[in-house]
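Colleague: Those protein sequence lines, which keep their order, are chains G and R.
Counting from 1, position 197 in the first sequence corresponds to residue 197 in this note's numbering; the numbering is continuous, with no gaps.
Counting from 1, position 78 in the second sequence corresponds to residue 78 in this note's numbering; the numbering is continuous, with no gaps.
If you're looking for bench data, these hints aren't it; they were derived computationally from the structure.
By construction, the Cβ of each residue, glycine as well, lies at the ideal position given by its N, Cα and C atoms.
One should not assume that every hint holds.
Residues of chain R placed beyond 12 Å of chain G at every Cβ, according to the derived structure [said to hold, decoys possible]:
#1 R5
#2 T12
#3 G15
#4 S17
#5 G40
#6 C45
#7 L98
#8 A145
#9 A149
Keeping only pairs whose Cα atoms sit at most 20 Å apart, straight-line, the calculated EDC-like set for lysine to aspartate or glutamate is [as the list claims (entries may be wrong)]:
#10 G:K43 with R:E34
#11 G:K30 with G:D162
#12 G:K43 with G:D28
#13 G:K30 with R:E34
#14 G:K30 with G:E165
#15 G:K43 with R:E4
#16 G:K43 with R:E123
#17 G:K30 with G:E16
#18 G:K30 with G:D19
#19 G:K30 with G:D166
#20 G:K30 with G:E160
#21 G:K43 with R:D6
#22 G:K30 with R:E4
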Amino acid sequence: MYPASFSYLRAASVAEALDVLSSSSDDDIKVLAGGQSLLPMMKLRLATPGVLLDIGGLRPSLGAVSVSAGGAEFGALATYRSLLSDPGVALRYPAMTDALRVLADPQVRARGTIGGAVAHGDPAADLPAVLLALDASVVLARSRGSRTVALDDFLLGAFETDLAEDELVTGLSLGPALAGQAYEKFEQPASHLPLAGVCAVVSLADGVVSRARIAVTGVAGRAFRALAAEASLTGQEPASAVLAAAAALIGEDAPRPLADIHASGPFRVHLASVLSERALRRAVSRASVGSQ
Amino acid sequence: MTGERDVTVSMTVNGVSRQRSVAARTLLVHFLREELGLTGTHVGCDTTQCGACTVDMDGVAVKSCTVLAAQASGSAVTTIEGLSFGVIQRAFRAEHGLQCGFCTPGMVMAVRQLLADNPSPTEPEVREGLAGNLCRCTGYQNIVAAVLAAAASGAS
Chain G
1 MYPASFSYLR AASVAEALDV LSSSSDDDIK VLAGGQSLLP MMKLRLATPG VLLDIGGLRP
61 SLGAVSVSAG GAEFGALATY RSLLSDPGVA LRYPAMTDAL RVLADPQVRA RGTIGGAVAH
121 GDPAADLPAV LLALDASVVL ARSRGSRTVA LDDFLLGAFE TDLAEDELVT GLSLGPALAG
181 QAYEKFEQPA SHLPLAGVCA VVSLADGVVS RARIAVTGVA GRAFRALAAE ASLTGQEPAS
241 AVLAAAAALI GEDAPRPLAD IHASGPFRVH LASVLSERAL RRAVSRASVG SQ
Chain R
1 MTGERDVTVS MTVNGVSRQR SVAARTLLVH FLREELGLTG THVGCDTTQC GACTVDMDGV
61 AVKSCTVLAA QASGSAVTTI EGLSFGVIQR AFRAEHGLQC GFCTPGMVMA VRQLLADNPS
121 PTEPEVREGL AGNLCRCTGY QNIVAAVLAA AASGAS
């Protein structure tokens, strides 16, 4: 299969890429990063951009990974492979490592980028759930400035984001890591995409849950926070019955679940509930180890 | 700037510099097979799932059906034709790690990466490491055995 014909531009610098985006009269210009989602869509003619702006050559300026006690900065072109092998990510954001290990396959992870995962807006991508639970912000640049927007505000719906036509995702930032994190998924075996994926992030203080964040992917048009489940945990001892009761509330925040040939809406919600309980158990166990 | 529908692509393939003018939409796998005649790299599913098209691009195994030739311009690419008949291939032969052989070039290229990343993998790590490569004949058992044998004999 070939993609439909397009014009190809390779950006030599971030400034040049932004200049092309701001000056282009083409409204069907698409930015190509690793291409592991966009190229398959183009081969199936689900996407037929007239112009492809390849930013793959900008990895020296947009590929950095920096993790410290205060938080993390990921360049948009950091590949899944580079994130998976980063000791700082594994140490402070183990939920990301959980997800990266089961995301697609090794060859796709070698090319796919974290910025692309966010900009693409695929409702079944793994990382948006993790990034949402970790309270990520998206850094966006345009030729006349930049802005930072919470991922929760950036994701709008299936393949829809707040990215303006003249903007480029240049990076993601995370706040300080919380102690207990885990990601669990149930995948469609051919695509490796999650039919449901859940990230839980839990902080414990004096034996009770001081803060819980749960985010779900694959179940709705975009990754979403399970606010009802989160609220039920706050101030509670993380006993098995409490975690199970929270997990049972996952559907409260997914009133219209996705359904397709692979899984019905109610089945996806069921999976998300089971996975939430598993993710919460592992997150609590990791938080307990971390606080000792 | 509106870009070009035809692009000049230059890359080093198996140690030899190659340059061609091709349509921008040309995929790396088609560049290798149709422009350069290197048909050892196979097109299986053409949907980024089966891994038959796996090649080494700048030291990392990638699926060449999901890379534009233009993206690979400036890169060093190694295909199955660029490998000597080494420990991995010998292990596939000794362990009967293939039947029809269609997936084998991609398997070998993926195993090369797997063992470079993890020279002493466990069986589950081998299976995880080959998640991007499908075989419709063997049921994987002998492929996994071949990878473990190659690791034991020091493939990397």
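Colleague: If a hint holds in the structure, say so; if it does not, say that too.
Modeller: Now the hints, each set against the structure:
Taking the minimum C-beta to C-beta distance to chain G, about 5 Å, the non-interface status of R:R5 is violated against the 12 Å cut. Remark: the non-interface label on R:T12 is consistent with the geometry, its nearest Cβ contact in chain G lying 17 Å away (cut-off 12 Å). For R:G15, the non-interface assignment is confirmed: its Cβ lies about 21 Å from the closest Cβ of chain G, beyond the 12 Å cut-off. Listed as a non-interface residue, R:S17 keeps its Cβ farther than 12 Å from every Cβ of chain G; the least gap is roughly 19 Å.
Non-interface status of R:G40 relative to chain G is upheld: no Cβ of that chain comes within 12 Å, the nearest being about 17 Å off. Separation of R:C45 from chain G is inadequate, the least Cβ-Cβ distance of about 9 Å not exceeding the 12 Å criterion. Its beta-carbon lying about 19 Å from the closest one in chain G, R:L98 satisfies the requirement of being farther than 12 Å from that chain. Every beta carbon of chain G lies more than 12 Å from that of R:A145, the smallest distance being close to 20 Å; the non-interface claim holds.
With a minimum CB-CB distance of about 20 Å to chain G, R:A149 clears the 12 Å threshold, and the non-interface call stands. Taken as a hint, the G:K43 and R:E34 pair is honoured in the structure, with Cα atoms around 18 Å apart against an allowance of 20 Å. At most 20 Å may separate the alpha-carbon atoms for a hinted pair to count; G:K30 and G:D162 meet this at roughly 15 Å. For a cut-off of 20 Å, the pair hint linking G:K43 to G:D28 stands: about 16 Å separates their Cα positions.
With a CA separation close to 27 Å, the supplied pair G:K30 and R:E34 exceeds the 20 Å bound. Distance check on the hinted pair: G:K30 and G:E165 sit about 9 Å apart at the alpha-carbon level, within 20 Å; holds. As the CA atoms of G:K43 and R:E4 are separated by approximately 19 Å, the hinted pair is consistent with the 20 Å bound. With a CA separation close to 35 Å, the supplied pair G:K43 and R:E123 exceeds the 20 Å bound.
Of the supplied pair hints, the one linking G:K30 and G:E16 holds, its CA atoms being roughly 15 Å apart against a limit of 20 Å. A hinted pair counts as satisfied when its Cα atoms are at most 20 Å apart, and G:K30 with G:D19 qualifies at roughly 14 Å. Between G:K30 and G:D166 the alpha-carbon distance is near 11 Å, which keeps this suggested pair within the 20 Å criterion. Between G:K30 and G:E160, the direct Cα distance comes to roughly 14 Å. Compliance with the 20 Å bound is thereby established for this hinted pair.
Distance restraint check for G:K43 and R:D6: the Cα-Cα separation of roughly 18 Å lies within the 20 Å cut-off, and the hinted pair is therefore satisfied. At roughly 14 Å between alpha-carbon atoms, G:K30 and R:E4 fall within 20 Å of each other, so this suggested pair holds.
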